[in-house]
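Visitor: So the chains spell out like this:
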Amino acid sequence: MLEQRSSLERITRFLFEEAALLDSWRLDEWYQLWDGDGSYEVPSTDVPDGHAPDILMLIDDDMTRLRARIDRLNSRAAHREFPWSKTRHLVTNVIVEDAPEGSGWQHDVTANFAVYRVRDGVDVFFGVFTYRLRESPDGALRIAAKRAELDARDLYAQRTLSIIL
Amino acid sequence: MKNVLSLIDDDREAGVFRVNRRLMTSEAIFDLETERVFSTCWLYVGHDSELPRPGSFLRRTVGGRPLLLVRGTDNAVRAFFNTCPHRGATICREDAGTSRAFRCFYHAWTFDTSGRLVAVPDEVGYGPNFDRGTHGLTTPAQVDDYRGLYFVCYDSRTQPLADYLGAATEYLDLILDQAPTSMQVIRGTHKYGTKANWKLLVENSLDGYHGSSLHETYFDFVRGTGGGRNTAALGRGFVLDLGNGHTVKEAPAGWARPIAYWEPVYGVDAKSEIEQVRADLVARHGEERAARMADHFRNLLIFPNLVINDVGSLTFRQIEPKAADYFETVAFAVGPQDESPAQRGRRLDSFLTFLGPAGFASPDDVEALESCQRGFAAREVEWSDVSRGMSRTPGSHDELQMRTFWRAYIALLAGEPIPEPVHEIESRGTL
Numbered sequence: 000m001l002e003q004r005s006s007l008e009r010i011t012r013f014l015f016e017e018a019a020l021l022d023s024w025r026l027d028e029w030y031q032l033w034d035g036d037g038s039y040e041v042p043s044t045d046v047p048d049g050h051a052p053d054i055l056m057l058i059d060d061d062m063t064r065l066r067a068r069i070d071r072l073n074s075r076a077a078h079r080e081f082p083w084s085k086t087r088h089l090v091t092n093v094i095v096e097d098a099p100e101g102s103g104w105q106h107d108v109t110a111n112f113a114v115y116r117v118r119d120g121v122d123v124f125f126g127v128f129t130y131r132l133r134e135s136p137d138g139a140l141r142i143a144a145k146r147a148e149l150d151a152r153d154l155y156a157q158r159t160l161s162i163i164l
Numbered sequence: 000m001k002n003v004l005s006l007i008d009d010d011r012e013a014g015v016f017r018v019n020r021r022l023m024t025s026e027a028i029f030d031l032e033t034e035r036v037f038s039t040c041w042l043y044v045g046h047d048s049e050l051p052r053p054g055s056f057l058r059r060t061v062g063g064r065p066l067l068l069v070r071g072t073d074n075a076v077r078a079f080f081n082t083c084p085h086r087g088a089t090i091c092r093e094d095a096g097t098s099r100a101f102r103c104f105y106h107a108w109t110f111d112t113s114g115r116l117v118a119v120p121d122e123v124g125y126g127p128n129f130d131r132g133t134h135g136l137t138t139p140a141q142v143d144d145y146r147g148l149y150f151v152c153y154d155s156r157t158q159p160l161a162d163y164l165g166a167a168t169e170y171l172d173l174i175l176d177q178a179p180t181s182m183q184v185i186r187g188t189h190k191y192g193t194k195a196n197w198k199l200l201v202e203n204s205l206d207g208y209h210g211s212s213l214h215e216t217y218f219d220f221v222r223g224t225g226g227g228r229n230t231a232a233l234g235r236g237f238v239l240d241l242g243n244g245h246t247v248k249e250a251p252a253g254w255a256r257p258i259a260y261w262e263p264v265y266g267v268d269a270k271s272e273i274e275q276v277r278a279d280l281v282a283r284h285g286e287e288r289a290a291r292m293a294d295h296f297r298n299l300l301i302f303p304n305l306v307i308n309d310v311g312s313l314t315f316r317q318i319e320p321k322a323a324d325y326f327e328t329v330a331f332a333v334g335p336q337d338e339s340p341a342q343r344g345r346r347l348d349s350f351l352t353f354l355g356p357a358g359f360a361s362p363d364d365v366e367a368l369e370s371c372q373r374g375f376a377a378r379e380v381e382w383s384d385v386s387r388g389m390s391r392t393p394g395s396h397d398e399l400q401m402r403t404f405w406r407a408y409i410a411l412l413a414g415e416p417i418p419e420p421v422h423e424i425e426s427r428g429t430l
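As you go down the protein sequences, you meet chains A and S in turn. Mind the numbering: the first sequence is residues 0 to 164 in numbering that gives the first Met the number 0, read in order. Mind the numbering: the second sequence is residues 0 to 430 in numbering that gives the first Met the number 0, read in order.
Hints were generated in silico from the structure; no laboratory data involved. Hints are supplied without guarantee of correctness; some may be wrong.
Examples of chain A residues lying across from chain S (beta carbon under 7 Å, computed) [to be verified]:
hint, residue
1, S43
2, D45
3, V46
4, G49
5, I54
6, R87
A quick note: this is a predicted structure, and the numbers were derived from the prediction, not measured. For every residue, glycine included, the Cβ atom is placed at its ideal position computed from N, Cα and C.
Generate coordinates for the entire structure from the input sequences, incorporating the hints supplied.
Guide: Okay, structure coming up:
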C-alpha cells in the first residue's frame, strides 16, 4: 500500500510538472520528458476511441511531428498562437496501473483533465488522458505515449485546438 | 433589400472587383441568402459510403435544416426533414447508426426507413378519417446523387442536379476516378466553428495567394521533411469559372500526394507502393489523365458551400452558415475504398498535418478569417479587394475563382439568373 501510494504520488507529481511546463510555454523542456519513440494523439471528437489509420485523428504525432508542432508554436508565425494564449491544465482523478510485463513501458496511467485557454474568450477542453510512462535508466519518468480523448462531440465552440493538451 | 447588386463593384473596364463588407456583417443579408441561395441551390448532404447497409442513417444540418439521410430497407437512399410531422420534435437524435424504424420519443409516432408512418399510439382517437399516408416524413423538394455524392435542393424549380453541376463534373470525375473501385468517406470527422462569415472560408479555400505568407510554418515543416521541392509550381496553375458559381483552381502539386506523388516525408519504403498506385492510374486512365490526377493539386467549389480539396490529401468540406458572423465546418477525409493501411495512413497523416482544427495550417486560416471579421467592425472601410488577375489570364494565385463565386452569389441574392461563365480575360482596359 505504501509503495503503491508513493508510486501514485510520484506519477501525479510528474503529471503536475508536465502541466506546469505546458502552461508556461516551456515546450522545449516539455519535449525532454518524452522518449524518442513516443506518440501524442487526439482522436476526432466523433470517434473518441478511434485509432489511425482506421479513422482520421485530430492529432497523430510521432516525435518528428511533435518536434515540428513545438517549433511551429515557438515561432511568431503560428498565428493562432501568436501571441501565445494563456492556458491552465487541471489534471485530476489519477489512476496508475502496472503495465503488462514486456510491454516496453512500466506504468499505464489515466487522468481526467480540463484545459482552459484564454484569448479572445475562453475555450475549454476536457476529457481523459491516457499515458504510457517509462522508467528511464537515469531514474526519471519519460512519456512513451500520451493520448487525450475529448468529451466534446465537436469543436464548434472551441473552433481550433491550437495548444498542446 | 434594395440595390444588393451595388454591394459588388465589378468594374471590368478598370480591372477592379470589390466586395462590400456588409455582405459579411449584415444579418439582413444573412436572412436573404438563406432564402435566395440556400433555399434554391443544390446542397451536399453526405456520401454513399456513409450509409453502408440497409437502415443506415446520418443526421446532418444542411442549409439550416435538420436532415436525415437514410438507406431504406429497400436499399434506396432518401432524405427527410428530421422533424416529426405530428408536433415537430426531431425524430432522430443520434448522428449516425442503423435502424429499421424511427420512433419519435415525444408521442411515439413511428416511421419506417422509407418515411411512412407505421404506428400511432391510440390511433382511433384521431377519428375515422385519419390517413397515415398523409402523415409520413417530409422529403426535400429534390434529392439526387452524383456518383455517390448526395445533394438536396429545397426548391422544385431548380434545374436537375446533373445540369446544376454542369462542367464541374469533369473535375469531380478527375477526383472520384482516382479510386480503382469507389471513394469512401473515412470515419473521424473534423467539426469546428469559426467566428466569421461563411463566405470568407469559401474565398480562403480557393485562395492560392495566401499560402506562402499565412502558412509559412507549414511550408517550413514540409521542407524540413525533405519535401516541398515543388512549392514554386503552386503558382503555375490555372483557375476556371465552371458556370453556376462552381469554380476550380488546379496547379502542379506543391508537395507529396498519396495519389501518387512521392516525397521523402512518406519514407523510402513507400516509394514502390506509390509507383504502383501511379502505374495503376496510368493503366486505367492513360498517361495524360493519370499525370493530371497524380501530379496536380486542385481546389474545387461546388457552389455554394461544398469545397473539395484534392491536395496533399482529399477532403470534402461542408460549410454551414449559422449567423452573419459565425459558421461551422464539417470536414471529411476521403480516399479509395480498398487502399492499403499504409496508403491510408499516409493519406491521413497528410490530412491532419495541414488540415483541421489541430493541423499546422488550418488554425491559422481560422485566425485569419476571424481577424478579417473583427476588422470589418471598422465600418468606415467598406470594401474588400478581389481584383487580382483581372487583366491577365488568371493563374492559380489569382482571384477569378473568388469572383466566380461572388458573381453567382450576388445574382442569386438579387433574384437574377447566374451570369454565363467568364472564359475571357476580364479586363482589357489597360492593354
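Visitor: Indicate, hint by hint, whether the structure satisfies it.
Guide: Hint-by-hint comparison with the structure:
no.: 1; hint: S43; in the structure: holds (4 Å)
no.: 2; hint: D45; in the structure: holds (5 Å)
no.: 3; hint: V46; in the structure: holds (5 Å)
no.: 4; hint: G49; in the structure: holds (6 Å)
no.: 5; hint: I54; in the structure: holds (3 Å)
no.: 6; hint: R87; in the structure: violated (19 Å)
Taken one by one, the earlier hints fail for this structure only at number 6.
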